[in-house]
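Colleague: The lines below spell out each chain.
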Amino acid sequence: MALRTFKVYRGNDKAGELKEYQVNVEEGMVVLDVLHRIQADQENDMAIRWNCKAGKCGSCSCEINGKPKLSCMTRMNSYGPDEVITVTPIKTFPVIKDLVTDVSWNYAQNKRIKPFQPDPKKKDERGYYMMQEDVERTQEFRKCIECFLCQNVCHVLRDHDRKDAFVGPRFMIRLASLEMHPLDIADRIPEVRKDYGSGYCNITRCCTDVCPEHIQITDNAIIPLKERVVDRYYDPIAWVARKITGDKK
Amino acid sequence: MANSSINIRQSNYLGTLRADNWWLYPAFVVFGFTSFVIYATWAAFQGDNYYFDGGLMSEHFGGYLSPMYSPLVWVKSGVHGGAPLHHAWLGEMPAWMPAFVTPAFFIVGFPLAFRFTCYYYRKAYYRAFAGAPPACAVGAVPQKEYKGETGLLIFQNLHRYALYFAILVLFILAYDAFMSFFRDGQLGVGVGSIVLLVNPILLGAYTFGCHSFRHLVGGKMDCMSCSKGRLFAWKNVTKLNMNHELWAWCSLVWVGFTDVYIRLTAMGVIHDFHTWAN
Ligand code: SF4
Ligand code: SF4
Ligand code: FES
Ligand code: FES
Numbered sequence: 171m172a173l174r175t176f177k178v179y180r181g182n183d184k185a186g187e188l189k190e191y192q193v194n195v196e197e198g199m200v201v202l203d204v205l206h207r208i209q210a211d212q213e214n215d216m217a218i219r220w221n222c223k224a225g226k227c228g229s230c231s232c233e234i235n236g237k238p239k240l241s242c243m244t245r246m247n248s249y250g251p252d253e254v255i256t257v258t259p260i261k262t263f264p265v266i267k268d269l270v271t272d273v274s275w276n277y278a279q280n281k282r283i284k285p286f287q288p289d290p291k292k293k294d295e296r297g298y299y300m301m302q303e304d305v306e307r308t309q310e311f312r313k314c315i316e317c318f319l320c321q322n323v324c325h326v327l328r329d330h331d332r333k334d335a336f337v338g339p340r341f342m343i344r345l346a347s348l349e350m351h352p353l354d355i356a357d358r359i360p361e362v363r364k365d366y367g368s369g370y371c372n373i374t375r376c377c378t379d380v381c382p383e384h385i386q387i388t389d390n391a392i393i394p395l396k397e398r399v400v401d402r403y404y405d406p407i408a409w410v411a412r413k414i415t416g417d418k419k
Numbered sequence: 305m306a307n308s309s310i311n312i313r314q315s316n317y318l319g320t321l322r323a324d325n326w327w328l329y330p331a332f333v334v335f336g337f338t339s340f341v342i343y344a345t346w347a348a349f350q351g352d353n354y355y356f357d358g359g360l361m362s363e364h365f366g367g368y369l370s371p372m373y374s375p376l377v378w379v380k381s382g383v384h385g386g387a388p389l390h391h392a393w394l395g396e397m398p399a400w401m402p403a404f405v406t407p408a409f410f411i412v413g414f415p416l417a418f419r420f421t422c423y424y425y426r427k428a429y430y431r432a433f434a435g436a437p438p439a440c441a442v443g444a445v446p447q448k449e450y451k452g453e454t455g456l457l458i459f460q461n462l463h464r465y466a467l468y469f470a471i472l473v474l475f476i477l478a479y480d481a482f483m484s485f486f487r488d489g490q491l492g493v494g495v496g497s498i499v500l501l502v503n504p505i506l507l508g509a510y511t512f513g514c515h516s517f518r519h520l521v522g523g524k525m526d527c528m529s530c531s532k533g534r535l536f537a538w539k540n541v542t543k544l545n546m547n548h549e550l551w552a553w554c555s556l557v558w559v560g561f562t563d564v565y566i567r568l569t570a571m572g573v574i575h576d577f578h579t580w581a582n
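First to last, the sequence lines map onto chains A and B. 171 is the number of the first residue of the first sequence in the working numbering; add one for each residue after it. 305 is the number of the first residue of the second sequence in the working numbering; add one for each residue after it.
Treat each hint with caution, since some may be false.
[As the list claims (entries may be wrong)] Derived DEER-like restraints, expressed as beta-carbon distance ranges:
hint : chain 1 : residue 1 : chain 2 : residue 2 : range
1    : A       : Ile407    : B       : Lys543    : 25 to 31 angstroms
2    : A       : Tyr403    : B       : Val377    : 29 to 35 angstroms
3    : A       : Met301    : B       : Asn540    : 33 to 39 angstroms
[What the hints assert, rightly or not] In silico SDA-like pairs for lysine to any residue, Cα to Cα no more than 20 angstroms straight-line:
hint : chain 1 : residue 1 : chain 2 : residue 2
4    : B       : Lys539    : A       : Pro406
5    : B       : Lys532    : A       : Met301
6    : B       : Lys532    : A       : Glu213
7    : A       : Lys281    : A       : Glu361
8    : A       : Lys184    : B       : Ser308
9    : A       : Lys419    : A       : Pro406
10   : B       : Lys427    : B       : Leu318
11   : A       : Lys313    : A       : Pro285
12   : A       : Lys189    : B       : Lys543
13   : A       : Lys189    : B       : Lys532
14   : B       : Lys543    : A       : Gln302
15   : A       : Lys333    : B       : Ser308
16   : A       : Lys189    : A       : Asn235
17   : A       : Lys184    : B       : Ile310
18   : B       : Lys524    : A       : Asp357
19   : B       : Lys451    : B       : Gly435
20   : A       : Lys333    : B       : Gly455
Because the hints were derived from the structure by calculation, they are not lab data. We put the beta carbon where it would ideally sit given N, CA and C, even for glycine.
One chain only, chain B, in its complex shape (with noise of 0.2 angstroms):
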């Protein structure tokens, strides 16, 4: 008989008797957020091809604009695949602006403070990247005293502040999605308009399930019964909130997905099928 002897109490970083394949989920977390990263450091530095309306650069209501540049604050005109003037809240990019500022640098911050403060990326990174701890039952990567959300994470705490962002944000896109279905002040329908109406639904669905939400709306309420709108909408965010990981998953694959769809039309490497005349 092979017995061994074992230290059962103590910590080690990774030790565990678990057999399961209990790295998948780090790994893959790793994955996902790693080469979301990568692909949307390279577009929002891209500075083209972020709006497409079939080559018209049309002066009229309409066309797609990638939800990594929405809204836009500034735009350099004379970009391939930029927007026309008229769609920049302030116009002609500054000139004193160094050259490799692009119009999403202005608006990157609001959905990765989002992102990064969410509970449920919360979790994710924590355990994917910071290993605390990596899988459950599975040894923690050792820290001196810890903390928790109480030392330096304490920002952690104002999640809220970037979903009153996220939310006017989410309206922005909504109304970019509205406009996908013009191009040059006309109404049609591309594959586009619906990749870009898709965009919005599923981050609603991402935002509206949101942990802060969820106690704003009604969460914070001891009486339920005090309020029917309350219990109803916090009922409703329940539902939404039981799925928040998938939300943020798809919301944010789509997002990406929605960038690569507009930047290979405005490319000119695929075609988009529309019901426009050009």
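Only chain A is shown next, with the shape it has when bound in the complex (with noise of 0.2 angstroms):
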């Protein structure tokens, strides 16, 4: 057992500060077990969000000394023995209270997005079949708890607040999943560079280095999705090719 110092953000949208707190910690502890020490001996109103503590939900995202993680996967043996923890909420999203943040934005873009279109053609008498390697791809994004670490780190949406021109990694990647879907026939191309801001990635690949799921958001879904624009928007012989061949997309 071992008392070490932590300082957490507790306040409101508006204001708030880093309030430090002297908490014993156990071998075995993650960040959130600490928090929630702290909760029950010395601070009961102080709020947090929470729910599986398995690293499934995605509830407990937060910032661990300046870093965007889940407080429940985070384990104290992590950090140096004398090294002051300090946790805030995600900062790109409004601040409830302490740690909880209203991330319903994300919730919006979500429903912005096509759903799912399968083509009934490829329907037989024993329903829809894939092969393995036709949704192997797709497979990775399905992985994602929602937690927005993704969102949160996105400087696209945290530095330059461009809420209004990119829905942000976390949706490109449920975009390219029905994109490279094998069933799906809806076209999202247009709106994928429109609406939903492809180009504002530049790329740096930051969504990726604090995904919890380790899904390759940039490489796997972003890159492919900017790819799949260019060839409708930026290649001048994919044009020329269509134009020939009469083909839309």
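Take the two lone chains, each set in its own frame, and fit them into one complex as the hints suggest.
Modeller: Here's what the structure looks like:
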């Protein structure tokens, strides 16, 4: 058991402070455990969101020593024995109270995306069938736990506040999973460019760096989408080829 | 207890609560790129010591040619460590060309365009040089209206065209590597041949791991099982692509090193160990 110093954000969206706590930390604890101990012993009204404590619900996202992380998956022994631990709410979304933020903007983005539209011609007596090779790519994206750490760290939303122009990495992977789906026939490429703002991402890869599910967001979702946008809008040879073949897409 | 008030929602340039050495990566990139650019610019302006064939200036097949000067469009004859005339596609440099122009000038644009528009290099220099952002969760350089790659940078969308030229150049550099195993028409091996052989291998790992290439060979398809050949190609390109950053750096450093090696050999500063008679 060791006495450790914690600094935790206490406040709301307008004003707040980093409040210091001394707390006993035992072996095997994660940051969320320590926050719970502070809540139980010292600060009963401290607001924390959490649910599974297993890195699977995506509720406990926060910033620990400035890095976007899941507090339930951040082990205390990953820090130096005397290191002060600072815990703040995710910066990109409005603070409701203490470590709890209002992430509803994200759900609104999700609703803007054209849903899955399977090709009825691909249905036979067995139903819809796909080969494993065809779904492999998009399976990676299904691992997303919607922790929104990627949305939080993306500088387009975080520093430049372009929530009006860019849906953010989490929804770029949703778009990629639909666009790459072998059964889906909806076309979202015009919206990917115009409404969802693929061009605002400058592929600096912070989303990939923080994703607790290790989804290769930039390499496997955003860049492939950007390349599809290039096919449709920027590649002159592809444009000529479309004119010749009469292909719309 | 020391409590400090903080404005959690405000973005400040370089503002962060990160306590780790986040500046190491951008510092490394600034150092790496700046060193390379300074050396490459200097080397391109030299116009000499870019070719070595044991000092024979042989009219036969073979010799070491620096990748910074290859392919040779025009050459100036009578230059120390310059290539013999028959190596150049168009022969002697025209007289109307300004004196400072060297054979490197005609080709430097291709690798430059390729690397400049590369998805990896974009990350590296947007972070390190443009501070957009300097590191993850570190305040970005403020911009009045952030446009990303939709504004001035829209040309980045043409990366695949730079790729087409890069593939051509890659084959030329592979030919140069082949040529380096000959001197005066004689087959042999020198340290320089090995150096020149590694070059297209590293460049190939970089070029064929390109994101645009990955898209074109198979990534653009939704039905991966529809073409076994393209699926196979896509899977292999993906393997290279996963280490694209590593190949980008290795190939960059090796191009520089190859030029240094040939330059020093041509200058007579170092001795190239080899199996040829002279
Ligand atoms: S790679 Fe793109 S989406 Fe991901 S954090 Fe960077 S700018 Fe945002
Ligand atoms: S992509 Fe990763 S970081 Fe983003 S919400 Fe999903 S799990 Fe979280
Ligand atoms: S509490 Fe569920 S992910 Fe941390
Ligand atoms: S993405 Fe790096 S070379 Fe194309």
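Colleague: Work down the list of hints and note, for each, if the structure agrees.
Modeller: Here is what the structure says about each hint:
About 27 angstroms separates the C-beta atoms of Ile407/A and Lys543/B, a value consistent with the hinted range of 25 to 31 angstroms. For the hinted restraint 29 to 35 angstroms between Tyr403/A and Val377/B, the CB-CB distance of approximately 34 angstroms keeps it satisfied. Taking the beta carbon of each, Met301/A and Asn540/B are about 19 angstroms apart, not inside 33 to 39 angstroms as hinted. A C-alpha spacing of about 27 angstroms is found between Lys539/B and Pro406/A, which places the hinted pair above 20 angstroms, so the restraint is violated.
Between Lys532/B and Met301/A the alpha-carbon distance is near 12 angstroms, which keeps this suggested pair within the 20 angstroms criterion. Proximity of Lys532/B to Glu213/A is assessed by CA-CA distance (about 61 angstroms); at most 20 angstroms being required, the pair is judged violated. Straight-line distance between C-alpha atoms of Lys281/A and Glu361/A comes to about 13 angstroms, which keeps the hinted pair within the 20 angstroms bound. With a C-alpha separation of about 15 angstroms, the suggested pair Lys184/A and Ser308/B falls inside the 20 angstroms cut-off, and the hint holds.
Note on Lys419/A and Pro406/A: the hinted pairing holds, with a Cα-Cα distance of about 14 angstroms set against a maximum of 20 angstroms. Taking the CA atoms of Lys427/B and Leu318/B, the gap is near 17 angstroms; set against the 20 angstroms cutoff, the hint holds. For the suggested pair Lys313/A and Pro285/A, the alpha carbons sit about 18 angstroms apart, so the restraint of at most 20 angstroms is met. Between Lys189/A and Lys543/B, the direct Cα distance comes to roughly 47 angstroms. Violation of the 20 angstroms bound is thereby established for this hinted pair.
Proximity of Lys189/A to Lys532/B is assessed by CA-CA distance (about 59 angstroms); at most 20 angstroms being required, the pair is judged violated. A threshold of 20 angstroms between alpha carbons decides the hint, and for Lys543/B with Gln302/A the separation of about 19 angstroms falls inside it, so the pair holds. Restraint check for Lys333/A and Ser308/B: not satisfied, since their Cα atoms lie roughly 30 angstroms apart, outside the 20 angstroms limit. Between Lys189/A and Asn235/A the alpha-carbon distance is near 14 angstroms, which keeps this suggested pair within the 20 angstroms criterion.
Among the hinted pairs, Lys184/A with Ile310/B is consistent with the structure: their alpha-carbon atoms are about 10 angstroms apart, no more than 20 angstroms. Restraint check for Lys524/B and Asp357/A: satisfied, since their Cα atoms lie roughly 14 angstroms apart, inside the 20 angstroms limit. Distance check on the hinted pair: Lys451/B and Gly435/B sit about 14 angstroms apart at the alpha-carbon level, within 20 angstroms; holds. Simply put, Lys333/A and Gly455/B have alpha-carbon atoms about 17 angstroms apart, close enough for the 20 angstroms limit, and the pair holds.
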